[in-house]
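Trainee: With the sequences and hints as input, model every part of the structure.
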Amino acid sequence: MTEMKPLLSVQDITKAFPFPRDLLQRLRRQPGQAVHALNGVTLDIRRGETLGIVGESGCGKSTLARCLVRLHDCDSGRVLFGDTDIATLSGAARRAFNAKVQMIFQDPYSSLNPRMRVRQILTEALSVHRMRPAAEIPARIAELLDLVRLPMDAADKYPHEFSGGQRQRIGIARALAVEPQVLVADELVSALDVSVQAQVVNLLLALQDQLHLTVVFVAHDLRLVRHISHRVAVMYLGKVVEVGPTEALFSAPLHPYTQALLAAAPEIDPARRSRRVAAKGELPSPVNLPQGCLFNTRCPLAFERCFKERPALPASGDHRAACHLTQAEKE
Amino acid sequence: MTPALQVRHLSTTFGHHGTPVTAVDDISFDVMPGEVLGLVGESGSGKSVTLRSIMRLMPHHSAVTGSVLWQGCDLMTMTEAELRRVRGGEISMIFQEPGTALNPVLPVRVQIEENLRAHTELSAAGRAARCLELMDLVGIPDAKRRLTQYPHQFSGGMRQRVMIAIALASNPKLLLADEPTTALDVTIQDQILKLILDLRDELAMSVVFVTHDLGVVAATCDRMAVMYAGRIVESGPVPAVFAQPNHAYTRGLLGSVPRSGTERSPLLSIEGTPPGLTSRPAGCAFHPRCAFATDLCRRESPALQDRAAGQAAACFHSDRVIAAGLAGS
Chain P
4 MTEMKPLLSV
14 QDITKAFPFP
24 RDLLQRLRRQ
34 PGQAVHALNG
44 VTLDIRRGET
54 LGIVGESGCG
64 KSTLARCLVR
74 LHDCDSGRVL
84 FGDTDIATLS
94 GAARRAFNAK
104 VQMIFQDPYS
114 SLNPRMRVRQ
124 ILTEALSVHR
134 MRPAAEIPAR
144 IAELLDLVRL
154 PMDAADKYPH
164 EFSGGQRQRI
174 GIARALAVEP
184 QVLVADELVS
194 ALDVSVQAQV
204 VNLLLALQDQ
214 LHLTVVFVAH
224 DLRLVRHISH
234 RVAVMYLGKV
244 VEVGPTEALF
254 SAPLHPYTQA
264 LLAAAPEIDP
274 ARRSRRVAAK
284 GELPSPVNLP
294 QGCLFNTRCP
304 LAFERCFKER
314 PALPASGDHR
324 AACHLTQAEK
334 E
Chain E
856 MTPALQVRHL
866 STTFGHHGTP
876 VTAVDDISFD
886 VMPGEVLGLV
896 GESGSGKSVT
906 LRSIMRLMPH
916 HSAVTGSVLW
926 QGCDLMTMTE
936 AELRRVRGGE
946 ISMIFQEPGT
956 ALNPVLPVRV
966 QIEENLRAHT
976 ELSAAGRAAR
986 CLELMDLVGI
996 PDAKRRLTQY
1006 PHQFSGGMRQ
1016 RVMIAIALAS
1026 NPKLLLADEP
1036 TTALDVTIQD
1046 QILKLILDLR
1056 DELAMSVVFV
1066 THDLGVVAAT
1076 CDRMAVMYAG
1086 RIVESGPVPA
1096 VFAQPNHAYT
1106 RGLLGSVPRS
1116 GTERSPLLSI
1126 EGTPPGLTSR
1136 PAGCAFHPRC
1146 AFATDLCRRE
1156 SPALQDRAAG
1166 QAAACFHSDR
1176 VIAAGLAGS
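Protein chains in written order, with the numbering used here: chain P, 4 to 334; chain E, 856 to 1184.
Just so you know, not all the hints are guaranteed correct.
[Claimed, not checked] BS3-like cross-link-like pairs, simulated, lysine-lysine; straight-line CA separation at most 27 angstroms:
hint : chain 1 : residue 1 : chain 2 : residue 2
1    : E       : Lys999    : P       : Lys283
2    : E       : Lys1049   : P       : Lys283
3    : E       : Lys1049   : E       : Lys1028
4    : E       : Lys999    : E       : Lys1049
5    : P       : Lys103    : P       : Lys8
6    : P       : Lys311    : P       : Lys283
[Said to hold, decoys possible] To be clear about the criterion: a stretch of chain E counts as covered by chain P if any three or more of its residues have a C-beta under 8 angstroms from a C-beta of chain P, and this derived list gives those stretches:
hint : segment
7    : 905-916
8    : 1008-1021
[Said to hold, decoys possible] Just so you have them, the derived chain P footprint on chain E, three or more residues with Cβ under 8 angstroms:
hint : segment
9    : 982-989
10   : 1036-1049
11   : 1080-1088
Because the hints were derived from the structure by calculation, they are not lab data. Positions of the beta carbon are idealized from the N, C-alpha and C atoms, including for glycine.
Mentor: Spelled out as structure tokens, the structure:
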């Protein structure tokens, strides 16, 4: 495959959230501690694809999603949209970027203003971005509701009158109102019941085809990510440990963490039951990161080098992992 | 073999602005000794209320009817004193949110000892030894030091292990687990599920596992009962139900979960949302969302009937559901 120019390019970004320093630290003039949410993430998002980002809680996947839409500014590294560094954007240029890269949030209860009708929620998006003259807004709202399969009378209701699944549709309609190229969906369906999850996932897939959207799908549910993604990036402690085409990554995972994660996810087939524990131990604290490879505290295959040197994600290749062992095998 | 637990015609209603609402509607099931039974359903289907009703942990404004036979005695008619011996003793329970189920101001040792004091004759030294043994059993390293710590010093997975240690302190014969891994990450969930299965083998307990995750059911349960709107709509051995659901709801639920090999194709979803407690439809509660529904379904509520392969389903159109299979909608 020829390397197409990525639509969004994440280059070695880091993000830490510092704690306030306590009295002792201030008296001793020591630096405070911080949660290291992202520790050098490099990732390309290609036009038209669905990129799944998976990992357990605390792995930095939501922080990464927020950095993509510039809800957080990263501490170092940069996010390129086309050729522009999004951190340099301001004023009208920033607004234009925000219209092209939209986010849908995890919690359908807190991400919609409870005191605004759906019509107001959608109108706000349209008028902030000056998408339509006022006269055309009602028609556009009807179009948007139709797009997300909500009835027309939904426009005059408040968010509390809808179920969780319907609220997520409103969130999708709000994001689509400004005709984005990229949708960043952070745990889009994890708050919903299983039967409702399937409806929203089906809707997302249909919309992507219809509107030629690029989707960044952040989730912890491996089955869902496998179902909708073209490519998948696996995160652990604020780093991408493996990235590759969905089929390759799921059928032949390279990184020991990916292997453990896949083995731990219960199979939907009762005949393929296993009694072996997939990964021992727990996630280390993102405040005090381990030396060397971040997974070395839990890795069954860790050897000397893993405790000294942090492996980097290879710069090229379709399917690659940040692991000394798999890189050694390839050489 | 006689069942360890027999639940018969259990119903639970709550007062709701004067009009009572039914959370659990006339359900019956058995749990065999050493068996893991999965109680599956979406939010509001009544699965947690069922578990709490069995243990008579429901608030005063609710009414529970029916019988729960535990080794020949009816838990529903026991006196409080008799019930206290069974509760936390022969039957233990673990809850979904280990953060709120543990007491934040007591060290873990005190919380495990509390159960030992209530249900065993052990001396102080015996209890201390048993605490250490339990911590080892549930796989908490450095038990001696950890016993003196408070719940906030434990991670989510470790807190769940502490809860399991408390539940196991009295050597229960039945473990009621209410979504014990829903709040946990997948690698930690995997550890806890396998711990529960190992303990079941080691201690010969029965387990009732309440969950909404069909993956958890497939990985851990022997038999399953699917709940919808307060009723059991289908039950049977896990492999049989997964291979051939007899109820349209079970079919939709299984179809809603993505499987490998069907990437990016539409999932077999169920239209609409589960009904609220106050707005359950007449007839079969599932009919407004069901592709197989007929006039009969809108009028009458089907009873749970035995089918082939040890399955039972409450559906007038099981044969059509089976014929439709799991592929495509």
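Trainee: Okay, which hints does this one fail, numbers in order?
Mentor: 7, 9, 11
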